[in-house]
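J.: Going line by line, the protein sequences match chains A and B. Mapping of the first sequence onto our numbering: residues 1 to 42, in sequence order. Mapping of the second sequence onto our numbering: residues 1 to 552, in sequence order.
For the record, the hints were derived by calculation from the structure and aren't laboratory data. Yeah, the Cβ is synthetic: ideal placement off N, Cα and C, and Gly gets one too. Be a bit skeptical, because a hint or two may be false.
Unchecked claim - Using C-beta positions, here's what the derived DEER-type ranges look like:
no.	chain 1	residue 1	chain 2	residue 2	range
1	A	A29	B	R114	56 to 66 Å
2	A	A29	B	F322	33 to 43 Å
3	A	R41	B	W343	33 to 43 Å
4	A	H23	B	M136	45 to 55 Å
5	B	I485	A	S3	37 to 47 Å
6	A	L19	B	F380	35 to 45 Å
7	B	I212	A	F20	34 to 44 Å
8	A	H23	B	G64	38 to 48 Å
9	B	P216	A	F20	46 to 56 Å
10	B	L326	A	L17	31 to 41 Å
Said to hold, decoys possible - The calculated SDA-like cross-link candidates involving lysine to any residue, where the alpha carbons are at most 20 Å apart (straight line), are:
no.	chain 1	residue 1	chain 2	residue 2
11	B	K344	A	R12
12	B	K229	B	A315
13	B	K344	A	L31
14	B	K426	A	L19
15	B	K280	A	Q8
16	B	K280	A	D9
17	B	K27	B	P113
18	B	K426	A	H23
19	B	K280	A	N16
20	B	K280	A	L17
21	B	K344	A	L24
22	B	K27	B	A111
23	B	K20	B	Y522
24	B	K344	A	L19
25	B	K344	A	R41
26	B	K280	A	V6
27	B	K280	A	P4
28	B	K344	A	W33
29	B	K344	A	V38
30	B	K344	A	R5
31	B	K498	B	I485
32	B	K344	A	V39
33	B	K498	B	W415
34	B	K344	A	R10
35	B	K498	B	P517
36	B	K280	A	L24
37	B	K20	B	Y492
38	B	K344	A	D2
39	B	K344	A	N16
40	B	K280	A	D7
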Amino acid sequence: MDSPRVDQDRQRRRRNLVLFVLHLALAAAILGWFVWSVVHRP
Amino acid sequence: MAHHDTHADHAHDDHHGPEKGIMRWIKTTNHKDLGTLYLFFAFTMFFIGGLMSLVIRAELFVPGLQFVQPEFFNQMTTMHALVMIFGGVMPAFVGLANWMVPMMIGCSDLALPRVNNWGFWILPFAFGLLLSTLFMDGGAPAGGWTMYPPLVLQTGEAFPFLIFAVHLMGISSITGAINVVVTILNMRAPGMTLLKMPLFVWTWLITAYLLIAVMPVLAGAVTMLLTDKYFGTSFFTASGGGDPVLFQHIFWFFGHPEVYIMILPAFGIVSTIIPTFARKALFGYDSMVYATASIAFLSFIVWAHHMFTVGMPLAGELFFMFATMLIAVPTGVKVFNWVATMWKGSMTFETPMLFALGFVFLFTIGGFSGLMLAITPVDFQYHDTYFVVAHFHYVLVPGAVFSIIAAVYYWIPKWTGRMYNEFWGKVHFWLSAIFINLTFFPQHFAGLAGMQRRVPDYAVQFTDWNVISSIGAFGFFAAQFIFIINILACCYGWFGRKQGLPARVWEGAHGLEWTVPSPAPYHTFEDPPQVTEAELTAVHDKTDALDGHKLA
Chain A
1 MDSPRVDQDR QRRRRNLVLF VLHLALAAAI LGWFVWSVVH RP
Chain B
1 MAHHDTHADH AHDDHHGPEK GIMRWIKTTN HKDLGTLYLF FAFTMFFIGG
51 LMSLVIRAEL FVPGLQFVQP EFFNQMTTMH ALVMIFGGVM PAFVGLANWM
101 VPMMIGCSDL ALPRVNNWGF WILPFAFGLL LSTLFMDGGA PAGGWTMYPP
151 LVLQTGEAFP FLIFAVHLMG ISSITGAINV VVTILNMRAP GMTLLKMPLF
201 VWTWLITAYL LIAVMPVLAG AVTMLLTDKY FGTSFFTASG GGDPVLFQHI
251 FWFFGHPEVY IMILPAFGIV STIIPTFARK ALFGYDSMVY ATASIAFLSF
301 IVWAHHMFTV GMPLAGELFF MFATMLIAVP TGVKVFNWVA TMWKGSMTFE
351 TPMLFALGFV FLFTIGGFSG LMLAITPVDF QYHDTYFVVA HFHYVLVPGA
401 VFSIIAAVYY WIPKWTGRMY NEFWGKVHFW LSAIFINLTF FPQHFAGLAG
451 MQRRVPDYAV QFTDWNVISS IGAFGFFAAQ FIFIINILAC CYGWFGRKQG
501 LPARVWEGAH GLEWTVPSPA PYHTFEDPPQ VTEAELTAVH DKTDALDGHK
551 LA
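Just chain B, same shape as in the assembly (with noise of 0.2 Å):
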C-alpha cells in the first residue's frame, strides 16, 4: 500500500478509548461522538418530519377531506416544517461540522467540549417538548412554523410549549455556533492559514456567524409573542396599538438568514466533493470565500421578499427586489466554479459524487424559481402558492437534504472503516432524484394554476399535478430506506463488511482528514500534524496507486 498516511501514526493517540456503554454518550465530550449522536439525531428526525409529509401528502392526493381532520392537517404543516428544519436539517450540518471540523483543520476537538455535549443533550429535551402538544388538548401548533400572530395566538396549550422549544433549539444552535466559531479562530494547525482551510470548514464559519446573529432575534420574537398572549403586551396585537406586520419583519430578519444556514454548509460539501471525484482542485477556490460571505452578507437585507403582499412602501418592495435578485450574483459564481472544476476533470460517478451533482442542478432549479418569487409584482400571484412550496423544497431537500446524504456517503468510510455498497448506493440515488423531481416539480404548475399551500383540500383541477406529487413523496420516503440500511451495515458491520480501507479512501481526495486511519481513531491530531501545500491544495500525483477501494 503506498504510504502517504504522514499522520498516520496518530493512530497511537488512541490511549483511552471511550466509556461503556449508555454513559459513554450522555457524558461524551468526544467531538467524533458528539458528531455520530447528531447525525442519529438529526435522522430520526428526519424520519418523524418524513411520516408528517407523508400525512400532509396522503391527504391531498385527491380534493376532499380522506383521512385528517383540517385542524389536524394544519398542525402536520406547522410540525413538518418545525421538525426538518431545527431538528433535521441544522442538527445534521451541526453533526457534519462536529465529525469533520476538528479533522480538517488538524486539531484535537472542539474548543468547548462540554458546552458541545449541552448542546447536543438539549435538543432531545427541545423535541420532546415540542412532539409532546401533539397529545394535548388542542393538538399540536398549528398556525405555520412561520408562528405568525394574530393566528398563532389562537394556539391552545401548545403554545408555551412551541415557544420554549424555540427557545431550546436556540440556545443548542448559539451554542454550537460558538464552539464553531472559536475553534477555527484559535485551533488550526500549524500552516493551516484562513484561505488554505478547506470549503467545508469555510462555509461553517460563516455559517456560524449567521447562527449567532440571527438565533436571539427569533428568540426574541417568540419572547414577545408569549408576553403578548400571556403577559398583556401587545407588540403585535392591533387593538393594543401593535403591529401583527413587525412580527414578520422581525422573524424574517431571522428567517432569511436561517434560508443560508441550511444551504451554506451544504455548498461547503459539494464544493469538498466535486474536486475529489473530478481529480482536480476546486477551481476558483477565494472567490469560493468570498462568494459565501457575500450571500451571508446579503441575507440580512433580503427579508422582505417573504412578505411583499403586506403592503409596504413602492421604494421598500424596489429595494427588496434587486437585493435578492443580487443573491444569483455570488450564488452564479459557485455554480459556475463546480462546472470549471468539472470540466476536463477525470471523473468517476460514485455515490458522493452522484449526490453532488444532483444538488449542483436541482438546487439551481430551486435558485431560478427563487428569481422568480423575487419579482415584485408576480410574487404577488406566487405568494401563498404552492410554486413557493416548490421552490423552497427544491432548495432544501434535492439542495440541503441531497448534500447532507453525499457528505454521509463520502465520509462514512473514514468514519466507521467501512465502505458502503455502491450498487445499493446509486440506485438510492437514481430513485431519490426522480423521484424528489416527480414530488416537487408538479407543484411548480399546481402553485402557478393558484393552488393555495397549508390546505388540506383544493379545487378538482389541480388533482392531476397533486396524484404525481403524492406518488413521488412515498417513493422518495420508501427509497430512504435503501439509505439507512446501506449506513447501518457500514455502522455495524452487516452483511461482512469488513473494516480496512486505506487513510485516503477516495483516490482524488485531499485534506488532513485523508491522513489519518480509517476508521478515525478515537483521538486525532493530539498533536498539531504539519500542514503542507500539496496536501491541501495540489491535485494528488497522479502515479499515486488505488489502493483497497478500486474506483470505478
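Extracted from the complex, chain A is given alone in its bound form (with noise of 0.2 Å):
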C-alpha cells in the first residue's frame, strides 16, 4: 500500500495526462481550423 502522498502524486500525474492531451487536441484543432480555412479561402 502506497502512502497518501505517493497516491496523490500518481492521480495528479494521470489527471496532467489527460490535460495534457485535451491541450493537444484543442491546439490541433485551432491549428486545423487555421490551416482549413487558409486553403478553403474563397
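Assemble the dimeric complex from its two separately framed chains, guided by the hints.
T.: So, in C-alpha cells, the structure goes:
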C-alpha cells in the first residue's frame, strides 16, 4: 500500500496527462481550422 | 503547523518599523519599501504605455485615418516603446530584485541603500520630463525609440528633454545594477556559494553586468545626438563628414544587450516557479547558469542583425547571422531544462505556474521568429514590417511581462501575507493568454504580407488581421484590471482577505525567502542565516504537511 502522498502524486500525474491530451486536441483543432480556412479561401 | 521555519525567529528583528506617512516612501532606504515603489512605478508606466498602445490599435483598427494625426501616431509609437521598456519592464525587474535578492541570499538589505533610494527617485523625474513633452509645441519625440538620426534631429522642443530623460534613466539603471552586483558578491550568507544561489539571483547578477556595460554606451550615443543638434558636431551628419549608420551601430551595441536585460531576469523567475509547482528540483542548474552567461556574452556580438539592410559587407552579414543563430543553443538548453524539470513532476497549476508555462510556450514562439529574422537574406523582406513587431512583442509581453505577472502572483503572499484569489488569477491568465495571441499572432501574417511598422494607415488587404489584432489589444488591456484588483486586494486586505499564511506559502517552494514569516518583516536576516544544502537544492520531504493554503 503506497503512502497517501505517493498516491496523490500518481493521481495528479494521471489528471495532468488527460489535461495535456485535451490541450493538444484543442491546439490541433485550432491549427486544423486555421489550415482549413487558408486552403478553402474564397 | 509543521515547523520548517528555521529562521522564523527573525521576526524579532523587526525592532523598528517604517516611518509614518509620505516621508516613509521618500526617505526610505529599505529594500522592501523600494521594491514596492519600483513595482508601483512600473505598473503605473505599464498603464500609461498601455493606453498609448490602445491609441495605436484604435487608429489601426481599420485603414484610413480615424482618430489621430499621423504626427501624433508617431509620437505614440515612440513614447509607448520608451515608457514600456525604460519605465515598465526594467523598473519592474529592479523592483523584484530589490524585494527578493536580499531575502534569497540571506542578507539584511542591498549593499548601498541610499544609492538605492536615489536610483528609484530619479525615475519619476525622468518620466515626468519625458511625458511632459507630449504637451510641448511640436509634441513628443516621434522618431522611434531607436532615435535614429537624421530623423530624430528633426524633433522640436522635446529633443533635449528626451536626451536628458534617457540620461536619467541610464543613471538610475546603473546605480541599481551596481547595487545588485555589490550585494550579491559581498553579502551572501555563509554557505551560499555562487553555484548555490537561486537562479533568479544568478540571472540578475548577469543582467546587472550587462546594464553596467551598455547603459553608458546609450548615454554616449544620445550625447552625440545632442552635440550634433546644438553644438555643431557632425558625428552622424553626412554633410559634415559624419555617418548616420554609425549611430545605428552604437545604438544597437547597447540595444541588443538591452533585449537580454529585459529577458534574463524573466528566465530566473520561470526557473524559480516551475520547480516549485512541479515539486522537483530544477533540472540542469549548472547548465542554466552557463547558458545565461553564454547568452549574455553572445548579446555583445550580434548587434548588427538589427541593421542588415544598411549595406554591410557580406562577411559582416554572415558573421552577425551565424552569431545570432548561436544564441538559440543556450536558449534551447533553458527551454529543455524547464521541460525536463516538469517531466514526471507532480504538477499543479496555480496562477504563477500558468503564467510561467505560458511564458515557456509563447516566449519560444518569439524565439523562433527571432531565428527567422536572423536569416540575413530573408530579413531584407521582413525588415521594418509587422513581422518584427510581432516577434519582439512575443518575447516582451508573453515573455517579460508574463514573467513579471507570474513573479507578483508567486511572491505576493510573501510580501503581503495575504493570498490572491486563485479563481480570478486563473481567469486573468486565460484571458491574457487568449487576447495576447489574438493581438500579436496576426501581426506575423500582416508583416509577411508586407505591412510596414510605424505607419498610421495601411493598404486594405491587411484589414482583417488588424481588426483581430486591435480586438485582442483592447481585450488584453481590459483583462489586466482583474490582476490590478486581485493584487491591490492582497496589499490592502480588501474583500476581507486575512493575513495568516505559513512561512512556506507554496508546498514545493524552497529557498531562504520561504524561511521568513509571511508577510516578510520589515527587516530580515539582520543576522546571517545558516544555509543548508537541503533548504536550497533538495526536493522537500514529501511528508511536509500542507499548511495553511490548500494547493490544488
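J.: If a hint holds in the structure, say so; if it does not, say that too.
T.: These are the hints, each one checked on the structure:
1. For A29 (chain A) and R114 (chain B), the hinted distance range of 56 to 66 Å is satisfied, since their beta carbons lie about 57 Å from each other.
2. Distance hint check for A29 (chain A) and F322 (chain B): the Cβ-Cβ separation is about 38 Å, which falls inside the suggested range of 33 to 43 Å.
3. The supplied range of 33 to 43 Å is met by R41 (chain A) and W343 (chain B), whose beta-carbon atoms lie about 40 Å from each other.
4. In this structure the supplied range 45 to 55 Å holds for H23 (chain A) paired with M136 (chain B), their Cβ-Cβ distance being about 50 Å.
5. For I485 (chain B) paired with S3 (chain A), a C-beta distance near 40 Å keeps the hint of 37 to 47 Å intact.
6. Checked against the hint of 35 to 45 Å, the pair L19 (chain A) and F380 (chain B) passes, with Cβ atoms roughly 43 Å apart.
7. The given range of 34 to 44 Å is respected by I212 (chain B) and F20 (chain A), whose C-beta atoms sit roughly 43 Å from each other.
8. Taking 38 to 48 Å as the suggested C-beta distance range, the pair H23 (chain A) and G64 (chain B) conforms, at roughly 40 Å.
9. For P216 (chain B) and F20 (chain A), the Cβ-Cβ distance of about 47 Å falls inside the hinted range of 46 to 56 Å, so the restraint holds.
10. Range check, L326 (chain B) to L17 (chain A): about 36 Å between beta-carbon atoms, so the 31 to 41 Å window is met.
11. A distance of roughly 10 Å separates the Cα atoms of K344 (chain B) and R12 (chain A); the hinted pair therefore holds under the 20 Å criterion.
12. Our distance criterion of 20 Å between C-alpha atoms is broken by K229 (chain B) and A315 (chain B), whose separation comes to about 34 Å.
13. In summary, the hint linking K344 (chain B) to L31 (chain A) is not supported, as the alpha carbons are separated by about 27 Å, beyond the 20 Å threshold.
14. Our distance criterion of 20 Å between C-alpha atoms is met by K426 (chain B) and L19 (chain A), whose separation comes to about 15 Å.
15. Distance restraint check for K280 (chain B) and Q8 (chain A): the Cα-Cα separation of roughly 15 Å lies within the 20 Å cut-off, and the hinted pair is therefore satisfied.
16. Under the criterion of a C-alpha separation no larger than 20 Å, the hint pairing K280 (chain B) with D9 (chain A) is consistent with the structure, at around 12 Å.
17. For the suggested pair K27 (chain B) and P113 (chain B), the alpha carbons sit about 11 Å apart, so the restraint of at most 20 Å is met.
18. For a cut-off of 20 Å, the pair hint linking K426 (chain B) to H23 (chain A) stands: about 16 Å separates their Cα positions.
19. A C-alpha spacing of about 16 Å is found between K280 (chain B) and N16 (chain A), which places the hinted pair at or below 20 Å, so the restraint holds.
20. About 17 Å separates the Cα atoms of K280 (chain B) and L17 (chain A), which keeps this hinted pair within 20 Å; it holds.
21. For a cut-off of 20 Å, the pair hint linking K344 (chain B) to L24 (chain A) stands: about 18 Å separates their Cα positions.
22. Restraint check: the Cα-Cα separation between K27 (chain B) and A111 (chain B) comes to about 17 Å, which is no more than 20 Å; the hinted pair holds.
23. Restraint check: the Cα-Cα separation between K20 (chain B) and Y522 (chain B) comes to about 13 Å, which is no more than 20 Å; the hinted pair holds.
24. About 14 Å separates the Cα atoms of K344 (chain B) and L19 (chain A), which keeps this hinted pair within 20 Å; it holds.
25. At most 20 Å may separate the alpha-carbon atoms for a hinted pair to count; K344 (chain B) and R41 (chain A) exceed this at roughly 43 Å.
26. Between K280 (chain B) and V6 (chain A), the direct Cα distance comes to roughly 14 Å. Compliance with the 20 Å bound is thereby established for this hinted pair.
27. Note on K280 (chain B) and P4 (chain A): the hinted pairing holds, with a Cα-Cα distance of about 18 Å set against a maximum of 20 Å.
28. Between K344 (chain B) and W33 (chain A) the alpha-carbon distance is near 32 Å, which puts this suggested pair outside the 20 Å criterion.
29. In summary, the hint linking K344 (chain B) to V38 (chain A) is not supported, as the alpha carbons are separated by about 38 Å, beyond the 20 Å threshold.
30. The hinted pair formed by K344 (chain B) and R5 (chain A) meets the criterion: a straight-line CA distance of about 15 Å does not exceed 20 Å.
31. Restraint check for K498 (chain B) and I485 (chain B): satisfied, since their Cα atoms lie roughly 16 Å apart, inside the 20 Å limit.
32. With a C-alpha separation of about 39 Å, the suggested pair K344 (chain B) and V39 (chain A) falls outside the 20 Å cut-off, and the hint is violated.
33. For the proposed pair K498 (chain B) and W415 (chain B), the alpha carbon gap of about 13 Å is at most 20 Å, so the pair holds.
34. Proximity of K344 (chain B) to R10 (chain A) is assessed by CA-CA distance (about 10 Å); at most 20 Å being required, the pair is judged to hold.
35. As the CA atoms of K498 (chain B) and P517 (chain B) are separated by approximately 15 Å, the hinted pair is consistent with the 20 Å bound.
36. Annotation: proposed proximity of K280 (chain B) to L24 (chain A) is violated, straight-line Cα distance about 24 Å (limit 20 Å).
37. Our distance criterion of 20 Å between C-alpha atoms is met by K20 (chain B) and Y492 (chain B), whose separation comes to about 16 Å.
38. With a C-alpha separation of about 17 Å, the suggested pair K344 (chain B) and D2 (chain A) falls inside the 20 Å cut-off, and the hint holds.
39. For a cut-off of 20 Å, the pair hint linking K344 (chain B) to N16 (chain A) stands: about 10 Å separates their Cα positions.
40. Of the supplied pair hints, the one linking K280 (chain B) and D7 (chain A) holds, its CA atoms being roughly 17 Å apart against a limit of 20 Å.
Hint check: violations occur at hints 12, 13, 25, 28, 29, 32, 36; the rest are consistent with the structure.
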